[in-house]
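K.L.:
Residue strings, one per chain:
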Amino acid sequence: MTTTHHSEKTLLLNLLWACQDAKGFISNQDIFDIAAKLDVSAIEVEGVCTFYHFFHRKPAGKYIIYLNNSILSELKGYAAIRKALEQATGGHWGGVDATGQFGLFDTSCIGLSDQEPAMLINFYPFVKVTPERVFQLISALRAGASLAELADTVEDHLRYVPPGDRAIFFRDFAPGRALQRLTTLSPQQVIDEIREAHLLGMGGAFFPTADKWQICRNNPGEQHYLVCNADEGEPGTFKDRVLMNRLPELLIEGMIVGGYAIGAAEGIIYLRAEYRYLLPRLEAAIATYKQLGWLGQPTPAKESFTFDIRIQMGAGAYVCGEETALLDSLMGKRGEPWPKVFFPVERGYLGQPTSVNNVETLCAAARIIELGANKFRSLGTPGSPGTKLLSVAGDCRFPGIYEIEWGMTVGELLGFCGAEDPYFIQVSGPSGICVPAAEQSRCICHEDLLCGGSVMVFNTQRDLLQVMINFTEFFKKESCGVCTPCRAGNFILGRKLDLLKRGLARPADLEEIRQWGQLLGVASRCGLGKASAHALINAMQKFPAYFQQRVRAKGREKGFDLDRALGDYREAVEQTS
Amino acid sequence: MKKIVNFTIDGKPCQAPEGENLVKAAAANGIKIPSLCYYEHIDPPLGTCRVCMVKVDKKAFAACTIKAKEGMQVEFNVPELNDARKAMVEMMFAEGNHFCPACEKSGDCDLQGLGYRLGVTISRFPHLFLNRFIDYRPKRIVVEHNRCILCRRCVEEVNTKDGFPVFSFLNRGASTEVRVDYDQEAKLDEEEAIKAMHLCPTGAILVRGKTQPRPRGERKYDLQDAGQTVSTPKAGMAPLKGQPKKVIATTSLAGCFGCHMSLLDIDEELMDVIEVVDISKSPLTDIKKFNRRCDVGLIEGGCCNDENVEVLKAFRANCDILVAVGECAIWGGLPAMRNFVPLEECLNEAYGHATSDLEQGKVIPHHEDLPELLDRVYGCNEIVEIDYYIPGCPPDASHIWKVLKNILFGADYSIIKSEFKYD
Amino acid sequence: MGKKIIIDPVTRVEGHGRVTVHLDDHNEVSEARFHIVEFRGFERFIQGHPYWEVPALVQRLCGICPVSHHLAAAKAVDRLEGLDPEDLSPTADKIRRMLHYGQIFQSHALHFFYLAAPDLLFGLDAPVEQRNVAALAIANKELARKGILMRKFGQEIIRVIAGKRIHGIAAVPGGVYKSMTAEERDYFLDGQELPSVDQMIEWSLEVLAFIKNYHEKNAGWLDVFAAYTSGHMGLVNADGALELYHGRLRAIDAQGNITLKDVPDEYYRRYFSEGVERWTYLKFPYLTHLGRDKGWNRVGPLARINVCDYITTPLAEKERQDFKAYSGVMPNNRTMFYHWARLIELLHCAEIMRDLLHDPDILGSDLVRTGQRRSEGIGVVEAPRGTLIHHYEANERGKLTRCNLIVSTTHNNEAMNRAVREVARQSMGGHPSITDAMLNQVEVAIRAYDPCLSCATHAVGQMPLQVSLFDANGILIDERLRS
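Protein chains in written order, with the numbering used here: chain S, 1 to 577; chain B, 1 to 423; chain F, 1 to 483.
Any given hint could be a false lead.
20 Å max Cα-Cα, derived EDC-like pairs, lysine to aspartate or glutamate [claimed, not checked]:
1. S:Lys340 x B:Glu269
2. B:Lys417 x F:Asp223
3. S:Lys554 x B:Asp306
4. S:Lys554 x B:Asp387
5. S:Lys333 x B:Asp57
6. F:Lys399 x B:Asp135
7. F:Lys4 x B:Asp375
8. B:Lys288 x F:Asp125
9. B:Lys245 x F:Glu129
10. B:Lys86 x S:Asp568
11. S:Lys496 x B:Asp375
12. S:Lys340 x B:Asp375
13. B:Lys210 x F:Asp366
14. S:Lys501 x B:Glu382
15. F:Lys141 x B:Asp267
16. F:Lys141 x B:Asp272
17. F:Lys3 x B:Asp369
18. B:Lys313 x S:Asp563
19. B:Lys289 x F:Asp8
20. S:Lys340 x B:Asp108
21. S:Lys477 x B:Glu177
22. S:Lys340 x B:Glu382
23. F:Lys178 x B:Glu18
24. F:Lys141 x B:Glu349
25. S:Lys554 x B:Asp320
26. B:Lys313 x S:Glu557
27. B:Lys161 x S:Asp39
28. F:Lys399 x B:Glu349
29. B:Lys195 x B:Glu40
30. B:Lys313 x S:Asp156
31. S:Lys340 x B:Glu156
32. S:Lys333 x B:Asp43
33. S:Lys530 x B:Asp57
34. B:Lys288 x F:Asp366
35. S:Lys530 x B:Asp43
36. S:Lys554 x B:Glu368
37. F:Lys3 x B:Glu269
38. B:Lys69 x S:Asp421
39. S:Lys530 x B:Asp369
40. F:Lys178 x B:Asp222
Worth flagging that the hints you see were computed from the coordinates, not collected in a lab.
Sequences and hints are given; from them, build the entire structure.
P.N.:
This is how it looks when you write it as structure tokens:
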């Protein structure tokens with residue numbers, strides 16, 4: 001971890017983006033030039049560059065096309081779109097076409113689960129894509145049409161808010177209402193109000209926000225920092241996308257509230273690259289608050305307070321949603337989570353006390369200061385007051401955003417979203433748990449079923465194993481690679497699932513999957529690793545019959561496909577006869 | 001002077017300066033927590049290998065990331081954690097390509113030493129056989145990626161005199177690898193390069209001309225704890241005159257026959273053994289097919305063609321207990337080095353070079369009387385259930401016979417460290 | 001239609017082989033083949049590894065003769081580091097020789113006592129259950145014990161020098177890892193824990209007496225069993241004597257005319273080509289200038305005794321003269337005489353080991369020499385089973401870029417196939433039913449060669465390659481030579 005401030009090096013990601021945007025890739029010369037400029041080893045620059053999915057070391061085309069391969073995309077037509085893209089461009093997946101114009105790549109979930117199949121071209125969004133549209137697009141681009149014009153407008157799909165005056169987020173908003181209260185509240189009082197409201201972190205960890213802000217505030221340091229985690233990467237989560245599109249000012253206001261509370265002079269929004277199209281909205285919101293006198297200058301707050309906000313783009317790494325990995329990325333490094341020797345609130349960005357908070361949490365904080373803790377407490381459940389944003393997608397008629405009071409049941413939610421013949425829902429994404437649709441009375445709240453936001457609905461036609469394989473592949477790709485259990489363990493689990501898929505698994509294999517998954521949970525270095533086998537073990541628990549059906553007991557012989565193993569030899573011989 | 005704190009490990013009272021690294025603190029209190037990436041100078045500690053898992057106040061942590069504090073309760077020697085630590089070592093063996101027999105670091109290798117200490121005979125995980133390369137480009141160093149466990153010591157610790165790191169992780173996830181900055185590496189002098197070689201816990205960093213495989217005898221793990229047992233001791237084989245002889249069968253699949261030779265290395269004792277054991281189907285006899293049920297089948301060698309698979313399955317069907325003898329039978333062993341080369345390439349190199357002027361193209365041996373080759377070499381337990389594993393290349397003769405006597409006659413045995421090897 | 005007889009696997013040999021015998025409608029043998037069924041690909045997959053790992057790695061070609069590979073590879077690696085065999089220190093040279101002779105000693109003892117003896121002692125018609133070392137040990141305890149202890153002696157020499165009995169490490173580039181201590185040397189001389197080397201010489205003479213007696217009694221079948229003419233090849237020293245560690249390549253034809261005249265080992269490539277058949281993974285080496293039909297050579301004990309002018313140790317030389325007296329002026333072309341020749345070598349090795357054990361150089365401290373890197377290195381030794389050639393190329397950064405191995409038993413491929421054909425015809429031809437004894441006879445012929453089939457099937461090579469294509473009727477339709 002750095003203890004000295006080295007400003008140029010911390011902006012390494014931006015230097016790399018400059019090269020990537022300029023010519024579609026980062027060349028060897030770029031690496032050397034950047035290394036010379038920052039006075040570091042070239043291999044360090046290369047190490048950072050190759051960590052991130054969107055930095056290419058080989059030409060990736062004038063139009064870089066990323067088709068997301070999340071499970072929902074898979075179920076809604078990924079294969080057809082991929083084929084269409086290859087046909088339309090004449091290129092091969094994973095590289096550029098012969099003309100060097102089009103690059104075709106996979107990417108993980110891009111936060112458009114309600115509008116699949118979805119893809120990005122040079123980070124412009126394209127939703128509900130069809131093969132026909134693909135051909136149209138490629139022709140248009142060849143003819144020189146502008147991407148900005150061709151790109152889709154992304155709908156918010158706000159489907160549900162609590163009735164009456166029970167909404168917190170999606171209610172009437174005007175900038176400045178929360179800030180108004182800061183003129184009479186001290187930072188400590190702000191924290192006390194948040195504590196009174198019992199606000200929990202909405203990114204998935206559900207750590208009490210007031211505690212985090214308190215500890216951070218109390219920790220000594222030259223500077224304090226407030227970081228907004230806008231790296232919404234958990235597949236199936238798109239609530240922050242909608243918040244930032246619909247209420248960007250609310251987020252900025254929440255950051256100012258948080259910054260004031262912890263005594264920060266700088267706020268940073270770490271925005272995932274996949275949401276680049278939201279930049280204009282966020283920048284405009286920042287400009288608004290500058291104009292209102294709350295950014296970039298001494299503010300009218302009760303205690304002296306000057307605060308500014310900048311935006312740092314991510315570069316494609318799910319693991320950077322983990323707060324310590326995020327901080328490393330902010331500091332121009334590979335996004336590798338820290339071992340829990342100390343925490344960001346003690347030593348974070350540039351070694352200083354830092355609070356990392358989710359977009360939704362900060363928006364909620366602004367609303368709490370605006371509306372008062374009591375209002376917040378009056379909603380939801382005692383263990384989880386207030387409301388929660390859920391992003392629901394999959395086999396349902398109304399995919400989109402659902403602001404619910406904590407305490408809604410699974411059954412109710414399935415009803416509201418128009419779930420069609422549901423089989424199970426995946427709650428909190430691949431790192432969450434699977435809940436059979438039969439468990440209608442499960443309650444979405446702290447006391448029963450917490451949810452970070454992602455809710456994926458699967459109907460009875462869907463293959464549970466296909467879903468689990470997709471999840472395992474996701475973790476395999478997104479693992480930061482530092483610790484053995486996650487890096488190798490997910491790979492190994494993938495192999496086991498492949499056995500299951502091919503009908504070669506035995507009962508002992510099921511038991512091994514369960515044990516090995518548990519091992520990942522115990523031994524992994526960070527939350528990503530610990531959660532990576534969660535869904536699988538959970539699914540095996542909830543749907544034992546499904547898995548039992550997939551195993552073949554073969555006595556003391558193992559599942560070995562001899563014909564398949566002889567394929568290479570037979571092919572080699574055939575080619576020569 | 002740091003304040004001394006009291007804490008417990010498995011209930012045993014311990015003391016250490018406050019804030020002391022737990023691995024170090026435990027060692028000072030007589031408890032050796034196994035570790036691989038832990039390196040005293042590196043702070044904050046790496047916590048990458050996960051071999052030092054313990055529980056502190058009921059939650060699982062890597063011990064190297066824990067600092068001694070007053071009143072903490074550490075659990076170390078409990079079945080769940082013992083197994084988790086062993087599993088981590090096994091996972092490393094499965095992820096990389098650790099061919100101990102040909103490695104310069106064999107005998108001095110910390111990963112290997114840990115395997116011996118924890119009694120690892122086989123990795124419970126399937127070997128991934130990922131194609132990794134050997135980097136010859138650096139000036140002094142050769143980086144053998146097959147052996148790298150990605151512990152990060154080199155990334156953190158190896159710098160040039162003017163403070164530039166020489167190593168870095170590249171890529172992410174399962175593609176993560178350690179790579180060298182060639183310009184920086186060229187600045188290292190010989191002493192610094194050798195230091196890097198010793199810093200690496202496995203044989204992944206080599207210095208040209210300064211290392212080579214060493215014979216059994218005086219390597220670090222030959223000497224350390226040489227007399228220590230891997231299991232509890234008891235008396236040897238009970239005399240069994242007059243009882244029906246036990247029957248064993250043996251085969252060498254894709255092996256070199258070394259394990260069979262090791263079997264014969266009990267020398268004169270063989271004369272006693274044949275009084276109580278009958279050898280049925282075996283390369284050493286003329287019995288070519290199973291004509292009766294066997295108590296034990298000894299398998300040497302992995303499977304590289306369909307005949308091996310057939311023979312192995314026949315053994316499974318006709319023997320009560322199957323023992324995989326030697327690294328080849330356990331996971332593929334040295335012949336598994338061909339797993340990184342497409343079979344077609346191997347065949348072309350042998351039979352197909354430059355015969356394009358032949359009317360019918362190149363000829364690859366293929367005949368009804370020849371077995372067909374598998375796409376890669378398989379360990380035996382990928383084909384059938386195996387009951388016991390005896391590691392070694394070849395395994396020590398006394399190790400083989402101790403295990404055999406235990407299986408056949410129930411004799412208790414103790415394998416000592418000097419008999420438990422992978423090379 | 002005819003029928004096909006299969007012997008599978010061939011037992012009491014090292015490695016995997018299978019014999020098929022095709023009988024036509026009149027029960028005559030129309031074809032008999034010895035199929036080598038293994039393919040491992042060593043030469044391909046060791047490419048890319050550091051060259052200094054090779055001596056440890058290539059031993060795993062074979063568990064009976066790993067030392068042969070270790071030393072051939074070591075000699076090649078020496079040359080890669082700029083050192084020819086004569087550049088090594090006396091201590092290094094002698095330690096390596098001791099190791100080499102020790103392993104030939106144990107290998108020959110293994111073959112004779114554990115693998116071949118049951119046939120010779122119990123007869124070709126002995127029942128299946130009896131034809132193995134265990135039955136031998138029960139029937140003739142004393143003989144078995146001696147055999148075991150002789151093998152043990154060789155194995156102990158290896159263990160002391162290389163750290164362990166099988167797949168040890170003795171050589172370093174330019175020398176050896178360590179020499180012997182006085183205690184270690186005495187262990188082999190004092191006869192206390194282990195029978196002494198003098199005992200080994202005595203027992204070697206005893207077993208030679210046995211085999212000569214056996215030949216007298218069974219001359220009828222031994223003189224004609226699988227007897228056919230061929231060339232022979234082996235290493236000789238500068239004086240034309242039998243040389244097992246480092247020498248020149250000599251080959252003679254069936255009449256004794258020189259076909260390869262004491263060629264330095266580094267030139268082997270100029271002289272050899274290899275043929276391929278569809279029905280076996282093992283190739284067929286032959287002297288290019290003589291062609292595939294006439295250019296193949298037998299290797300191993302019989303060939304070496306045929307090829308050399310004399311043996312440097314007195315007792316073995318006397319035995320060789322007895323052998324020559326019995327065989328006659330021409331080279332001995334009779335397969336079963338491999339056993340006798342092998343036992344002469346057994347004695348020779350024991351004598352050499354005794355001489356070396358009494359040589360103070362083996363206790364020396366000058367172990368390693370250094371030289372200038374070369375891009376290519378070739379090492380040739382006489383392994384127990386025949387001439388063994390290791391050839392490596394490595395770039396200046398240490399990476400092995402090319403590897404060619406011609407392994408002893410490969411040369412005997414054609415010879416074993418001939419033997420199988422001959423014996424099959426003699427024993428099975430015209431008989432309506434095939435007995436187990438007939439099948440065993442075929443194997444007895446193969447066993448005489450003491451084949452090391454695992455070694456042989458490392459199977460890759462960049463030798464000039466000749467490919468023969470036969471149609472369904474076995475008619476040769478095409479043949480190409482590539483270089």
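K.L.:
Confirm or reject each hint.
P.N.:
Consistency of the hints with the structure:
In summary, the hint linking S:Lys340 to B:Glu269 is not supported, as the alpha carbons are separated by about 57 Å, beyond the 20 Å threshold. The hinted pair formed by B:Lys417 and F:Asp223 fails the criterion: a straight-line CA distance of about 53 Å is larger than 20 Å. Using a Cα cut-off of 20 Å, the hinted pair S:Lys554 and B:Asp306 holds, with the two alpha carbons roughly 19 Å apart. A threshold of 20 Å between alpha carbons decides the hint, and for S:Lys554 with B:Asp387 the separation of about 16 Å falls inside it, so the pair holds.
For the proposed pair S:Lys333 and B:Asp57, the alpha carbon gap of about 33 Å is over 20 Å, so the pair is violated. Among the hinted pairs, F:Lys399 with B:Asp135 is consistent with the structure: their alpha-carbon atoms are about 9 Å apart, no more than 20 Å. Taken as a hint, the F:Lys4 and B:Asp375 pair is broken in the structure, with Cα atoms around 29 Å apart against an allowance of 20 Å. For the suggested pair B:Lys288 and F:Asp125, the alpha carbons sit about 17 Å apart, so the restraint of at most 20 Å is met.
Between B:Lys245 and F:Glu129 the CA atoms are separated by roughly 15 Å; this keeps the pair inside 20 Å, and the hint holds. Only pairs whose Cα atoms come within 20 Å are accepted, and B:Lys86 paired with S:Asp568 is rejected, the gap being roughly 35 Å. Our distance criterion of 20 Å between C-alpha atoms is met by S:Lys496 and B:Asp375, whose separation comes to about 19 Å. Proposed proximity of S:Lys340 and B:Asp375 is contradicted: the alpha carbons are some 44 Å apart, above 20 Å.
For a cut-off of 20 Å, the pair hint linking B:Lys210 to F:Asp366 stands: about 19 Å separates their Cα positions. In summary, the hint linking S:Lys501 to B:Glu382 is supported, as the alpha carbons are separated by about 17 Å, within the 20 Å threshold. Taking the CA atoms of F:Lys141 and B:Asp267, the gap is near 13 Å; set against the 20 Å cutoff, the hint holds. Under the criterion of a C-alpha separation no larger than 20 Å, the hint pairing F:Lys141 with B:Asp272 is consistent with the structure, at around 11 Å.
Distance hint between F:Lys3 and B:Asp369 is fulfilled; the C-alpha atoms sit about 14 Å from each other, no more than 20 Å. A C-alpha spacing of about 15 Å is found between B:Lys313 and S:Asp563, which places the hinted pair at or below 20 Å, so the restraint holds. Of the pairs offered as hints, the one joining B:Lys289 and F:Asp8 holds, with about 9 Å between alpha carbons and a cut-off of 20 Å not exceeded. Simply put, S:Lys340 and B:Asp108 have alpha-carbon atoms about 31 Å apart, too far for the 20 Å limit, and the pair is violated.
This hinted pair checks out: S:Lys477 and B:Glu177 have alpha carbons roughly 14 Å apart, not beyond 20 Å. Only pairs whose Cα atoms come within 20 Å are accepted, and S:Lys340 paired with B:Glu382 is rejected, the gap being roughly 38 Å. Proximity of F:Lys178 to B:Glu18 is assessed by CA-CA distance (about 49 Å); at most 20 Å being required, the pair is judged violated. For the suggested pair F:Lys141 and B:Glu349, the alpha carbons sit about 49 Å apart, so the restraint of at most 20 Å is broken.
Using a Cα cut-off of 20 Å, the hinted pair S:Lys554 and B:Asp320 holds, with the two alpha carbons roughly 17 Å apart. As the CA atoms of B:Lys313 and S:Glu557 are separated by approximately 7 Å, the hinted pair is consistent with the 20 Å bound. For a cut-off of 20 Å, the pair hint linking B:Lys161 to S:Asp39 stands: about 14 Å separates their Cα positions. For the hint pairing F:Lys399 with B:Glu349, the CA-to-CA distance comes to about 18 Å; that is within 20 Å, so the pair holds.
For the hint linking B:Lys195 to B:Glu40, the alpha-carbon distance of about 15 Å falls within 20 Å, and the restraint holds. Restraint check: the Cα-Cα separation between B:Lys313 and S:Asp156 comes to about 60 Å, which exceeds 20 Å; the hinted pair is violated. Restraint check for S:Lys340 and B:Glu156: the C-alpha separation of about 18 Å stays at or below 20 Å, so the hint holds. At roughly 18 Å between alpha-carbon atoms, S:Lys333 and B:Asp43 fall within 20 Å of each other, so this suggested pair holds.
Note on S:Lys530 and B:Asp57: the hinted pairing holds, with a Cα-Cα distance of about 18 Å set against a maximum of 20 Å. Restraint check for B:Lys288 and F:Asp366: the C-alpha separation of about 51 Å exceeds 20 Å, so the hint is violated. With a CA separation close to 24 Å, the supplied pair S:Lys530 and B:Asp43 exceeds the 20 Å bound. Between S:Lys554 and B:Glu368, the direct Cα distance comes to roughly 29 Å. Violation of the 20 Å bound is thereby established for this hinted pair.
Note on F:Lys3 and B:Glu269: the hinted pairing is violated, with a Cα-Cα distance of about 45 Å set against a maximum of 20 Å. Of the supplied pair hints, the one linking B:Lys69 and S:Asp421 is violated, its CA atoms being roughly 54 Å apart against a limit of 20 Å. At roughly 52 Å between alpha-carbon atoms, S:Lys530 and B:Asp369 are farther apart than 20 Å, so this suggested pair is violated. Distance restraint check for F:Lys178 and B:Asp222: the Cα-Cα separation of roughly 17 Å lies within the 20 Å cut-off, and the hinted pair is therefore satisfied.
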